[in-house]
Amino acid sequence: MHAFHYHNVRASAGRTSSTWRLKKILASLIAIGALSTVTVTGTFALLTSQETNARSAAASGTLTFSNTIGTGTACLSYNGPANPGNVNTACGALITSSTQNYPGIAITPVKVTIANNGSLDGVALSVYMPSCTVAATPGAPSPGGGNPCAAGGAQFSIQETNSAGVATACRYPSGPVTCVFSANTLQLFAANANTVTSALNLGSGPAHGQSRYFLIGLDLPPTAGNALQGEEAVFALTWHLST
Amino acid sequence: MSLRELKGVLLLLMAIGAAAYFGGGTTFGSFNAETSNVGSAIASGTLTMSDQVNAGTACLSAGGTPQNNVNPACAAVLALTNVAPGVYGGVAQVTVQNTGSIDASKLYFWAPQVNATLNGALTNGNAVTALTVTPLEGTVTSGDALVVSFGTQTQTFTANAAASGGATSISVTSLAANFSYPIGTSVSDTSSDTTANNTDCYDAKTTTPGTALATKGTDLNFNPVTGNPFCGAALIFVQETTGGNHYCWLGKGSSPENASGMCSAPISVNLSSALTTGGPITSLPVTALNGNVASGDSIVVVSGSNTQTFAASANAFFGATAITVTSATPNFAYPTTSTVTDSTTLSVALNPDTTDTITNFDTAHNTIGKIQLFPLTGNGTINNTATVELSHFNTGTFSRIFQIGVYLPAPAGINQNGLQGLQSTFGITWHIDQ
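For the protein sequence lines, the chains are A and B, in the order given. Going by the working numbering, the first residue of the first sequence is number 734, and it counts up by one from there. Going by the working numbering, the first residue of the second sequence is number 9, and it counts up by one from there.
It should be emphasised that the hints constitute simulated quantities derived from the structure, not laboratory data. One thing to keep in mind: the hints can contain errors.
With beta-carbon atoms standing in for the labels, derived distance ranges [said to hold, decoys possible]:
hint	chain 1	residue 1	chain 2	residue 2	range
1	B	Val356	A	Ser944	14 to 24 angstroms
2	A	Ala969	B	Asn423	19 to 29 angstroms
3	A	Gly942	B	Val155	44 to 54 angstroms
Remember, it's a predicted structure, so these values are computed and weren't measured experimentally. Note that the Cβ used here is the ideal one computed from N, Cα and C, for glycine as well.
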């Protein structure tokens, strides 16, 4: 209470005196000084200098390839649906049921050209057979009931050649440079190389702008019985290229 | 004091003044002396800088069109093409120099905001509904604030439509220009660098193939640019190499700082002299390293189908011409065309890294999170109390050297087809303060 009175008396008396005005001026200066101290970095200009290295760029390359059967139209890996990208599951069949197969008489090998049309080198090329299923040959009057995808069924080979068609390596089954048919190879390939992780490794390449050439061989063994009459093996071959 | 008293005082002062005026000649003594210090002058110093990419032409801050000691259009640091995951990307050296007469107490770098420069002048007083700009670096979102700056003039426009990276026009809410801004005026989107969608770094599909006649980004349908995925995957590092000391300022190795000051910077070099199979070696002679090797790393030498892995037994930094290795006998006479890489840096340090991306640089180290470049005192050590970070020209440390690199990691088991045929475009800003 005493303090309240003292304060009031002092204020009412001082506001009219020159001392009070001087104090107000000094208080204002203190406030300005304090404010400038607190806000110094934003209040005063400094010399600055600045530059920007603009428009640096990093561009990725592409890894795409085509798959051409014989002299047909190239099927492009990137012409499939956007998701999953760079996967084309609609390339043409290697061989159709119109090509009849007889025991001991191999069909003409089918040439497949894998061309790297991307800008990056292919580091690993592989091939696998997602499935092999039996079906009655269209138009066959009386299918024999056998299974060419099973043991004792069709024989299968993958022969690599150079661009002139000269054999350079037998990729399946393993063996000498020129492939030789052996028993159960379609069944074994479908069983053992049916996913991208179990795929047959075809080695490095092709490099960008380069191609690799393969001959796909099929054969019914000479010992094939009547059970394989009128039966067909339906399968796909999937080619996979990675960096 | 009464009015009367005041008038008396004033009259007295007038009388004194009149006496001084008319009687001055006889009032003062006849002896006097006088000197004048004439021609005093005060001249300001300069605070300017330059940056030089590799051996290119130095870009001057004072040479920028905006005439405010800000040059927004210095040369690109990197121009990498045909990048593949897991394969050495590229590195460039940037030399930052104080070209002025005043010491810089602060040196920073940061990721610029989405930016461009005017490619069409504005006229004072005329309504502006679109800014014609150089290809926009980054994406503008409707509602963003666009600051136009030239000299001491500045004006803020508001974008009223989105503009993609590379666009050359930005639609803005109509506003009269407060100055005749010329071509070259800087334009910055101060609302940017907050998410992966609005960073200075932006992605676009490549329109030219990485090699002749090959496929390019625009041929593909599985590489969308939404969210700038390449910016978000590509790793960036900035390592200082001033005076032979090293410090990793950005990238893997910067947080926490590597004890040796080295970023995880991949290498891809050749042997500088052939190896022989005659006996064990303890050093691999290589062309100048374009990255770092840490002691213990696996160093892979490849020539055709021949390959051998050596173990580094000491650190080796940018520019080194030998890698010290644990004694081993070469298994092949590797020629000088053999490639030498550090598989540990790639597979262990960088391929799993999802943190040190260009996108994260933009969002974490923009004008708010700028990186202050304290002077180096040794490998991996700095003086963070130094009062000068870039000395004035031709004295002390007036140049500082940085290695800036980009690498596209190859994380195990991840399909990265979506990153094919994309180009990330980005910038880096250097700044000094008095």
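Results for each hint:
no.	hint	result
1	Val356(B) with Ser944(A): 14 to 24 angstroms	violated, 36 angstroms
2	Ala969(A) with Asn423(B): 19 to 29 angstroms	holds, 20 angstroms
3	Gly942(A) with Val155(B): 44 to 54 angstroms	holds, 47 angstroms
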